[in-house]
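For the record, the sequence lines run as chains A and B. The first sequence begins at 1 in full-length UniProt numbering and counts up by one. The second sequence begins at 1 in full-length UniProt numbering and counts up by one.
No wet-lab data here; the hints were simulated from the structure. In this text, a Cβ means the ideal position worked out from N, Cα and C, and glycines have one as well. Hints should not be assumed to be uniformly reliable.
Cβ pair distances, simulated, as ranges [as the list claims (entries may be wrong)]:
hint : chain 1 : residue 1 : chain 2 : residue 2 : range
1    : B       : Gly182    : A       : Gly309    : 50 to 58 Å
2    : A       : Ser317    : B       : Ala307    : 43 to 51 Å
3    : A       : Ser79     : B       : Ser225    : 41 to 49 Å
4    : B       : Ser264    : A       : Lys292    : 53 to 61 Å
5    : B       : Arg270    : A       : Pro285    : 28 to 36 Å
There are 2 protein chains.
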Amino acid sequence: MTDKKMDIIRALKRAGNNPISGEELGGILGISRTMVWKYMKALGEEGYVIRSSPGSGHVLVSAPDKLYPSEIMDGLDTSIIGGDIRYFDEVDSTNDVAKKMGSSSDEGTVVIAEMQDSGRGRKGGHWMSPRGGVWMSVILKPNVVPAYAPRFTLMAGVAVAKAIRGLGVEASLKWPNDVLIGDKKVCGILTEMDAECDQINFVIIGIGINVNVLIEELSEDLRSSSTSLSEIKGEELDRIAFVQALLRALEDEYIRSKTSGFDSILEEWRSLSSTIGRDVDVVTPQRIIRGKAVGITENGTLLVETAEGLEEIVAGSCIHG
Amino acid sequence: MTDKKMDIIRALKRAGNNPISGEELGGILGISRTMVWKYMKALGEEGYVIRSSPGSGHVLVSAPDKLYPSEIMDGLDTSIIGGDIRYFDEVDSTNDVAKKMGSSSDEGTVVIAEMQDSGRGRKGGHWMSPRGGVWMSVILKPNVVPAYAPRFTLMAGVAVAKAIRGLGVEASLKWPNDVLIGDKKVCGILTEMDAECDQINFVIIGIGINVNVLIEELSEDLRSSSTSLSEIKGEELDRIAFVQALLRALEDEYIRSKTSGFDSILEEWRSLSSTIGRDVDVVTPQRIIRGKAVGITENGTLLVETAEGLEEIVAGSCIHG
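Okay, chain A solo, but in the shape it has when bound (with noise of 0.2 Å):
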């Protein structure tokens, strides 16, 4: 959406129900009434009801169920994170977009999409993005090196468990890279770099998460182990507010991080999980580790204590006892 357009929806939501006439958003916009005429027309296309009375003015009636940037931006407090937010109706994957932006953006640059035709999971497994959920990948360049890389995934955990937990839902985390409410998977997080052998360049933080999502859209073998917000709160989210408290509280840990260090978030991300204290088969390429899950440690590896003692898992599926 271009500025003026922006412009135009500011100062509709300013006035609320008091009409503003073309010729006054002319004059705050510095265009003519007919170039004002025009923005009015393609932003009725994008989706915005604006009620129009000759005489008296223009009054937004109700914004589209988009996750449109000027939208997400119109409030946000961050100072970082979302600076730039780069929008898509559908695309492959926003990990592979934010991939090839990665050396030229800034940090904080998000990039968003209604919809993914090949959203990406851990190991290239494949990740349904249906309309109605949030995918997106956040950008961050940490002068940190690339075997800080799993610290990102713990902290966009925390920040996505905080963001649904205030909406009133009991979310936790699983290690590696997921979020549960109960025991069904809402969201996955897939973190990627870009990186010399001793310095990450950037790092990729992909967030998928199902807000309005219909489990029934989902393949048949997801179905049973995934849930949507829509569903656990029987109704539709505001995908806009959601978006922005939890670009809030990702940049709340990346600050976090940067200030009080990562002990702290591992701290909360032990709080937060439903992995820590459980039983657990965890698969990895060579072999199925059984036992139960004590800690996880600062390199995001998970501490099993099993019959023959204590393990440290690098990698693997976690299945919950």
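Using the hints provided, position chain B relative to the given structure of chain A.
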């Protein structure tokens, strides 16, 4: 270069000093004499000198001094590296091009350029890449964790040193990523990766070698610490033959790392290194470590015996004493 042009060059090379007629070439390639003539003209524009005598035929007199994929691939007996070679006369950075292509490219794809406008060294440093050098990036897709990335720098160093030694020039390896002749830099290696937290999607091994580079063309601050193969040999080298030898050496080391394990490469790195056994100052962002370099680990870290004991250094600039 199109396949047909490559086929013409191959046919001419095979014929040596025996002229081939346009009709004969057309027959071999399955195209008309008019098309043969068109391709001949295009080849002339690319710098190939072809002597054509009416009535007898065509003889290849000389190929241009260009790193054309068709020339590199002609006689290249590798099975992984160089199966696909992308050529640029001028490019910002071959690593950047390779990074963008990485996920959709075959393992072993090479990006090569006559010059780079924004060649990069470690930590975003500039790398001067004038004409005459070999500036290339190799895409590998090993199934390993991100922590193994430094191994590819060491592996490439061994391959470059061997390729240079194949010319009868004593090259040595300087930690972490340079190849020296005497105490002057002839090559730098920049390994980058696209990775998930626990798995590399692909690595890019960037290799910049001053082959036929005039040292006077480098910026003044680099001249005293740099050399080129042509300076050492006192004559220009056949860059195509050198690139072929290098790709061959890279593939040998890569296969060795997969079949015999990384230890044998590490052992060779040590024996080719002029850092090990040397008094060094290692400059890190935090401090300068002074001591004797006594070893290197499989993670690419340098072991330095200091007055205070043994130090393991992950990253830094090494100054040979």
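So, going through the hints one by one against the coordinates:
1. The hinted range of 50 to 58 Å is satisfied by glycine 182/B and glycine 309/A, whose Cβ atoms lie roughly 53 Å apart.
2. At roughly 49 Å, the beta carbons of serine 317/A and alanine 307/B sit within the given window of 43 to 51 Å.
3. Between serine 79/A and serine 225/B the beta carbon distance is about 42 Å. The supplied range of 41 to 49 Å therefore holds.
4. Between serine 264/B and lysine 292/A, the C-beta spacing of about 41 Å breaks the proposed range 53 to 61 Å.
5. For the pair arginine 270/B and proline 285/A, the beta carbons lie near 31 Å from each other, so the given range of 28 to 36 Å is met.
Checked against the numbered hints given earlier, this structure breaks only hint 4.
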